[in-house]
Amino acid sequence: MESYLNIDHVSIEFPTPNGPFKALDNVSLKIDKGEFVSIIGHSGCGKSTVMNIVGGLYQATEGGVILQGKEVNEPGPDRAIVFQNHSLFPWLTAYENVEIAVKSVFKGKKSKQEMKAWIEHNIELVHMSHAKDKLPAELSGGMKQRIGIARALAMEPKVLLMDEPFGALDALTRAHLQDSLMEIQADLNNTVMMITHDVDEAVLLSDKIIMMTNGPAATIGEILDVKLERPRHRLQLANDVEYNHYRSEVIHFLHERHARKVA
Amino acid sequence: MLELSGFTWFIPLVKLATGEPPLQQLQDLFKMIGLPMLAMIIFLGLWHVGAAKVVTSLGQVPGPVEVWKQASILIDEHYIEREKEVKFHERQDVRNAKKLAKDPDAEIKKRPYTGRQTYFDQILTSLWTVFVGFFIASIIAIPLGIVSGLSNTLYSALNPLIQIFKPISPLAWLPIVTIVVSAVYVSEDPMFSKSFITSAITVTLCSLWPTLINTAVGVSSIDRDLINVGRVLRLSYATTVFKIVIPSSIPMIFTGLRISLGIGWMVLIAAEMLAQNPGLGKFVWDQFQNGSSESLGRIMVAVLTIGILGFMLDRIMLTMQKFFSYDKNAVIR
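From first to last, the protein sequence lines are chains A and B. If you're matching positions, the first sequence starts at 1 in our numbering and goes up one per residue. If you're matching positions, the second sequence starts at 1001 in our numbering and goes up one per residue.
Calculated directly from the structure, the hints in this document are not laboratory data. Bear in mind that the values here come from a model prediction, so they are computed numbers and not experimental data. Glycine included, C-beta positions come from ideal geometry on N, C-alpha and C. Wrong hints could be hidden among the right ones.
Claimed, not checked - Pairs of lysine-lysine residues, derived as PhoX-like cross-links and limited to a Cα-Cα distance of at most 25 Å, are as follows: (1) Lys1243/B <-> Lys134/A; (2) Lys1243/B <-> Lys110/A; (3) Lys208/A <-> Lys33/A; (4) Lys132/A <-> Lys110/A; (5) Lys1322/B <-> Lys107/A; (6) Lys1243/B <-> Lys116/A; (7) Lys1243/B <-> Lys103/A; (8) Lys1322/B <-> Lys134/A.
To be verified - Only some residues are given here: those of chain A computed to face chain B with a beta carbon under 8 Å: (9) Gly55; (10) Leu57; (11) Gln59; (12) Pro75; (13) Gly76; (14) Pro77; (15) Ala80; (16) Ile81; (17) Phe83; (18) Asn85; (19) Phe89; (20) Pro90; (21) Trp91; (22) Thr93; (23) Ile100; (24) Val105.
The task is simple: from the sequences and hints, build the whole structure.
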């Protein structure tokens, strides 16, 4: 059976003054509809590059990405991206930041009222209705990222790409946002590809963890299926044997088999 | 609102009036009004004492008192001249009415008043000229800056040209502009005088660069992720420019515009002197040629006027910059 999202033998080279630099080598990955996949690896291993290729921001040198049977090689709202640093337009309010996405994606497909309702619905989804008329500068880091997620969700993407979405947040805020994300995921059952370097985050959220080897010419080292039952609760899982087993699997991969040579 | 327009010194007064703790407000007031006043008084004192010691071919260098006197004379002259104008028109109307009474088909001539320009007319001419020159420079520099900021290729291509043209003195441009304008701008009934066009174009040529460079830098330093959001949304080039590029580079664009207007105002005075555009520059030049005992005082009035108007123009730009920028808390000086 054909998979929903197929990353097919993707390699990428970047030109440098000392000849081409091969960042990714032969990355192949199949993701099913509704699956939550995390990509984990040491920094510099090219995990963001994988995401940028799927998002269409980079072009693969070899291989390609196939979404629902069609090759994608340019950015589009069907692969909405949540950036690490929220990337909200600082001159627009939270509402307007979502609005600009909704207006360009659903132009001619939704009426004005429908758009308004859809924007408000997505802001409600991330629990930000109370601050929808504030400028990003007036919001905390976590709140900004919530709006960033709302903006991406509002595009109704086929695949939601998240590039270390909680990487810039403190641990407590991060936990809140992870819980919110799980809630939303239970609701919408999106196909999600998330880049992370946080082991707990990966195990808690994912159905599948893709562990990447170190660059240059990084590729997929191992794939771990996380078969924990949903809904998952961080408190119950803290002492769960299965959870800790997955956790140690990832840690062993990262710090034993593929430890970084230079810290 | 007061803060926006730069009238920060007014804030403690308002606060004082609304009954906030007086001591703090008085301290603020001293810092904002007291200190500058003190500096002003010291400056006037030094000027008064220093000027008295220098004797030139036109007599003593005028001190503040003499300059103030000349300023009042210039203002008086303005009103006298206006009065003359009104009387001229009255006389003409009476004459025409008589003519019509004698012969209803008589040809009526309305002649414009051709009295001499007053100091205020000259100020207005200068402001209008600098505005036209600056406006032309802006409508060229902002779009060009945006386009070259978005394209590295174009920027590398234009950069050497910009760097070469930027440091050229207005006095170097002026002869070329004068000759080109004389050759190209030929019409029976010109809407603008040649001197005006020459001055305005010289202002344009010199005030183009800061806006162009600042806009290009502002545009090229936009957060890549913001551009990527636009790419994900598949925004058109025009939408990207208007919805993402311009709003995020507004602060830099205005920084450029402010520098440009400042340079334009400086350049204008020099251009008017040489092109004989009837503005403040020509006023200074005429007084210099005139060489009466009043001339130095009048030139100093003009110098101070130029300074005060330049300051006001900068304030206007600053207010606009604050108004248009999304980051209201940014400290802009």
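Against the structure, the hints come out as follows:
Distance hint between Lys1243/B and Lys134/A is fulfilled; the C-alpha atoms sit about 18 Å from each other, no more than 25 Å. As the CA atoms of Lys1243/B and Lys110/A are separated by approximately 21 Å, the hinted pair is consistent with the 25 Å bound. Restraint check for Lys208/A and Lys33/A: satisfied, since their Cα atoms lie roughly 13 Å apart, inside the 25 Å limit. For the proposed pair Lys132/A and Lys110/A, the alpha carbon gap of about 21 Å is at most 25 Å, so the pair holds.
A C-alpha spacing of about 33 Å is found between Lys1322/B and Lys107/A, which places the hinted pair above 25 Å, so the restraint is violated. Distance hint between Lys1243/B and Lys116/A is fulfilled; the C-alpha atoms sit about 19 Å from each other, no more than 25 Å. Under the criterion of a C-alpha separation no larger than 25 Å, the hint pairing Lys1243/B with Lys103/A is consistent with the structure, at around 12 Å. For a cut-off of 25 Å, the pair hint linking Lys1322/B to Lys134/A stands: about 19 Å separates their Cα positions.
Because the closest C-beta pair between Gly55/A and chain B is about 7 Å apart, less than 8 Å, the hint holds. A cut of 8 Å between beta carbons decides the hint on Leu57/A: the least distance to chain B is about 6 Å, and the hint holds. Hint on Gln59/A is violated. Least Cβ distance to chain B is approximately 13 Å, over the 8 Å limit. Satisfaction of the interface hint for Pro75/A is found here, the shortest Cβ-Cβ separation to chain B being roughly 4 Å, below the 8 Å cut-off.
Hint status for Gly76/A relative to chain B: holds, with the closest Cβ pair at about 6 Å, below 8 Å. Below 8 Å, beta-carbon pairs count as interface contacts, and Pro77/A has one with chain B at about 6 Å; its hint therefore holds. A least Cβ separation of about 6 Å between Ala80/A and chain B falls short of the 8 Å threshold, and the interface hint therefore holds. With a least beta-carbon distance of about 6 Å to chain B, the hint placing Ile81/A at the interface is held under the 8 Å criterion.
Taking 8 Å as the C-beta cut-off, the interface hint given for Phe83/A holds, the closest approach to chain B being about 5 Å. The interface hint given for Asn85/A holds, since its Cβ lies 6 Å from the closest Cβ of chain B, which is under the 8 Å cut-off. The interface hint given for Phe89/A holds, since its Cβ lies 7 Å from the closest Cβ of chain B, which is under the 8 Å cut-off. A least Cβ separation of about 6 Å between Pro90/A and chain B falls short of the 8 Å threshold, and the interface hint therefore holds.
Here the hint on Trp91/A is kept, as its CB sits about 3 Å from the closest CB of chain B, short of 8 Å. Nearest Cβ of chain B to the Cβ of Thr93/A: about 10 Å, over the 8 Å cut. The hint is violated. Contact between Ile100/A and chain B, as hinted, is supported at the beta carbon level, the nearest pair being about 7 Å apart and thus within 8 Å. Because the closest C-beta pair between Val105/A and chain B is about 7 Å apart, less than 8 Å, the hint holds.
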